[in-house]
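**Student:** Chains as they are written, first to last, in this note's numbering: chain Y, 1 to 368; chain C, 369 to 736.
Among the clues, some could well be false.
Covered by chain C, according to a simulated footprint, are these stretches of chain Y (three or more residues, beta-carbon under 8 Å) [what the hints assert, rightly or not]: (1) 6-18; (2) 111-123; (3) 262-268; (4) 280-293.
Some chain Y residues near chain C, calculated using beta-carbon distances under 10 Å [to be verified]: (5) 87; (6) 90; (7) 144; (8) 314; (9) 327; (10) 330; (11) 331; (12) 338.
These aren't lab readings, by the way, just hints derived from the structure by calculation.
Glycine included, every Cβ here is placed at the ideal spot set by N, Cα and C.
2 protein chains.
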Amino acid sequence: MADPMRIADLPTPSLILDRRVLDANLTRMRDRAAGLGVTLRPHLKTAKSDRVARLAHAGESGPITVSTLAEAAYFLDRGFADMTYAVGVTPDKLPALAALTARGASLGLITDDPEAARAIGVRGAELGVVFPVHVEVDSGSGRGGLAPDDPALVEIGRIVDGAPGASLRGVLTHAGMSYQCDGPAAIRAVAERERADAVAAAEALRAAGLPCPVVSVGSTPTATFAERLDGVTEMRPGVYMFMDLFQAGIGVCGEDDIAVSVVASVVGHKPAANRLLIDAGALALSQDSSLAGYGRIAAAGDLQVASVHQEHGFVEGASPLPFDRYPVGARVRVLPNHACMTAAMYDRYYVVDGGDEVVDEWDRCRGW
Amino acid sequence: MADPMRIADLPTPSLILDRRVLDANLTRMRDRAAGLGVTLRPHLKTAKSDRVARLAHAGESGPITVSTLAEAAYFLDRGFADMTYAVGVTPDKLPALAALTARGASLGLITDDPEAARAIGVRGAELGVVFPVHVEVDSGSGRGGLAPDDPALVEIGRIVDGAPGASLRGVLTHAGMSYQCDGPAAIRAVAERERADAVAAAEALRAAGLPCPVVSVGSTPTATFAERLDGVTEMRPGVYMFMDLFQAGIGVCGEDDIAVSVVASVVGHKPAANRLLIDAGALALSQDSSLAGYGRIAAAGDLQVASVHQEHGFVEGASPLPFDRYPVGARVRVLPNHACMTAAMYDRYYVVDGGDEVVDEWDRCRGW
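Chain Y on its own, in the form it takes in the complex (with noise of 0.2 Å):
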């Protein structure tokens, strides 16, 4: 029998996915929606996995939300049809949405604006399919979405309702701003917000006789610490599976919850600068800035990745750093600032199981 393979023998920079942190992750954000009565719809923009999917749904199939139409088709290739495509949707992008819907999707689109609203009822009709729409609600975010007294709601309710290529499903919002917050009570408030203006805008649409039977919210931190979640039907939190510094910032999660690393080599050494060399840099845990640094150096104090070039993280933070612990060619772990950019720069999980031995290779979708 040939010996397993270990961390120590993947070519760097290698992904590596701990399957029982992620397990952890998984079970926990599972109980949460059950615990708060909704369905839990998760995000797949970060893992870009079936295998990470189905173990979100404790090994079944279930309702996902995916970002790009490339997930849409490989999640649906590998058995999971009920998806909302979580981004404003845009005429040119609805052939290839009917399309997997011919194909069995049940694919549900959001929009806040009325001509592609119009758009989405009359080139559904025109392709053969119904569409099922979602208003798209902004909670505070300031990204997509019209606030929820905002008559546009109602109108691109009509427009929907009232289109033989669309059905309305409901109205669906994004707690961007819960990623300013700064610990649980700020993320708490917020939650409340997100849930408020979400269940508001269902109210208006259902006060003007509209069907609202979807009310959708979700982020990792607002799914994490909301206190009640009365009048939502779904939530769609995604980076919850991996975790990463991020999310460990804002009290979200601690460092042992975060399922991802990024294995790299020691290439060189700068004593006068005191720096240690990797051979990951811009492209191998790409470049968040929303933490200072790059990532950080798993199980060694406060060593991070504190620049890159393109193929090189210069290593800072210990003075003298101990270079005789990393010669050239050691090995280090980095964990990611934001997990949902680091992994997008692999094709592939290197899985492991609590240790350092590669248990599995999990393939991940790319692109758009």
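For chain Y, the structure is supplied; the task is to place chain C on it using the hints.
**Tutor:** Chain C only, in chain Y's frame:
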């Protein structure tokens, strides 16, 4: 006959490469190298495309530089045998490099570490190959490399020259600090420092009785503005092929010289925030933050992508924004801050030739 495909027909986001601009950039750098009397060994870390590499050599194969093992394998498979792998090598990568060498690659390595040099010599012999090795010189960038007067330089030269599995090819440096320059005069000074340090390192090896046939320098700014390269044998610029807003910002090119852009769709209007939302965000544009914002909208005055989420970009920059000109579904072209980072997010180029007709599709190498 089918209608020709146009940029307006592409899925968004997509990466566009304008062959006409590319050709002009490639010709200019070939002429520079010829005028300076050095070999052009272009760095393919930006383009990662054999089609571009061949055009860089006026339609032929030729010497190139690569930054990953994946690039080395990709280019070898496509007829490029003479490569320099310009990232400090670690011992664990030697078996894969030896396998490429056994398949016909002449794969030059770099190191600035005596222990790594010893490992190359020993492992090369064990693996049945002779690795050509450059000693990496630090000409001021503070990344990899030794100062030209560092005794370790000659020590490494001796280790390599005396090893059965390695041969001393020369010295190599990269004036990364040229990216911090403001304008041609400052870049010229950096180019002279790069040249002088590389030549001094070569002379140090020769004074110790060691061979040093190759003296390699390179960065797009220094290659563009160097006044003389006496004593240098080759240069390795990379981003010159595509150029970008960063190069334009330091005076290396104009915005009209930028050959790559991302085509994106308007997916929403936020008049209260005076913002357009587009479907190109952190993944489609990269998060390179070497400049303010994440890219400029081509032919649109001061409009730029001011901030990004994973799949959304927020366009700002005029007050008020011309919303009527950009309805939901309208398309924009985003010029990249840093072409290497933006191009790395895609698996292909949609090639145009000065217009909006898509005349070809070229693949790209990804990963490590």
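**Student:** Taking the earlier hints as the rules, which of them does this structure contradict?
**Tutor:** Nothing - there is no hint that the structure violates, so all of them hold.
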